[in-house]
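Take the position in the sequence shown, starting the count at 1, then add 46; the result is the number in the working numbering.
Rather than coming from a laboratory, the hints here were simulated on the basis of the structure. Remember, it's a predicted structure, so these values are computed and weren't measured experimentally. Any given hint might turn out to be false.
Simulated restraints, written as ranges between beta carbons of each label pair [stated by the list, open to error]:
#, residue 1, residue 2, range
1, N168, A50, 36 to 46 Å
2, N141, I73, 13 to 23 Å
3, R136, K92, 12 to 22 Å
4, T71, L49, 24 to 34 Å
5, N74, D204, 20 to 30 Å
6, Y155, D100, 20 to 30 Å
Think of the CB as a built atom: it goes at the ideal place given N, C-alpha and C, for glycine as much as any other residue.
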Amino acid sequence: KKLAYPRPRLISFTNCNNILIEGITAINSPAWTIHPIRCENVTVDKVTVINPADSPNTDGINPDSCCYVRISNCYVSVGDDCVALFGSQRVVVANCTLSTRSVAIRVGYDHTRDIRDCVFSNLVVHDANRGLGVFVRGSSEFPFYPAVQRIGRMIEADAFGPVLEGNAAFRHSSDLDANKPINWKRMA
Numbered sequence: 047k048k049l050a051y052p053r054p055r056l057i058s059f060t061n062c063n064n065i066l067i068e069g070i071t072a073i074n075s076p077a078w079t080i081h082p083i084r085c086e087n088v089t090v091d092k093v094t095v096i097n098p099a100d101s102p103n104t105d106g107i108n109p110d111s112c113c114y115v116r117i118s119n120c121y122v123s124v125g126d127d128c129v130a131l132f133g134s135q136r137v138v139v140a141n142c143t144l145s146t147r148s149v150a151i152r153v154g155y156d157h158t159r160d161i162r163d164c165v166f167s168n169l170v171v172h173d174a175n176r177g178l179g180v181f182v183r184g185s186s187e188f189p190f191y192p193a194v195q196r197i198g199r200m201i202e203a204d205a206f207g208p209v210l211e212g213n214a215a216f217r218h219s220s221d222l223d224a225n226k227p228i229n230w231k232r233m234a
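Can you make the complete structure from the sequences, with help from the hints?
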């Protein structure tokens with residue numbers, strides 16, 4: 047069921063330049079906590095984000111289609127992704143402590159927006175089921191296949207540097223729970 051009024055983001059900027067979020071504490075966000083959209087020169091420094099561990103979609107910091115982003119010296123403890131990059135370029139995440147039951151650093155969501163020139167350094171990750179998750183989803187016209195081909199070519203071209211572990215499958219996390227109905231994208 048879709049909500050008539052979706053849960054709001056706690057802090058969101060759209061089409062802005064030279065954003066500085068520094069020295070604040072954000073607690074109990076109803077959805078994504080810090081969400082810059084199509085922004086340039088974004089700095090998030092010495093920020094603490096704390097959301098309930100059992101609360102879904104309470105991501106910490108989600109640059110979306112941004113350029114020149116620096117996230118540093120932060121403590122993020124959330125119920126979903128700590129830092130999620132969607133279509134962003136020239137991103138540095140450094141000197142942070144990240145705690146989640148989901149993904150500490152999420153890179154990507156779909157195949158339509160490029161993510162380039164990202165650096166992740168000196169991070170402490172607690173309790174995450176994935177420290178770094180690289181996600182590629184295909185278009186609805188050609189489910190999975192174009193995205194899988196693209197990520198395969200990128201790995202072969204050494205676009206990611208050394209790959210420690212790679213898994214490829216045509217599954218979604220909802221498919222792994224036998225008590226849930228099959229994901230609608232794979233219904234025939």
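Comparing the hints with the structure gives:
1. N168 - A50: 36 to 46 Å: 43 Å, holds
2. N141 - I73: 13 to 23 Å: For N141 and I73 the Cβ distance comes to about 21 Å; the hint holds.
3. R136 - K92: 12 to 22 Å: 21 Å, holds
4. T71 - L49: 24 to 34 Å: About 27 Å separates the Cβ atoms of T71 and L49, which means 24 to 34 Å holds.
5. N74 - D204: 20 to 30 Å: Violated: the Cβ-Cβ distance is about 42 Å, outside 20 to 30 Å.
6. Y155 - D100: 20 to 30 Å: Since the Cβ atoms of Y155 and D100 sit about 23 Å apart, the hinted range of 20 to 30 Å holds.
In summary, the structure is inconsistent with hint 5 from the numbered list given earlier, while agreeing with all the others.
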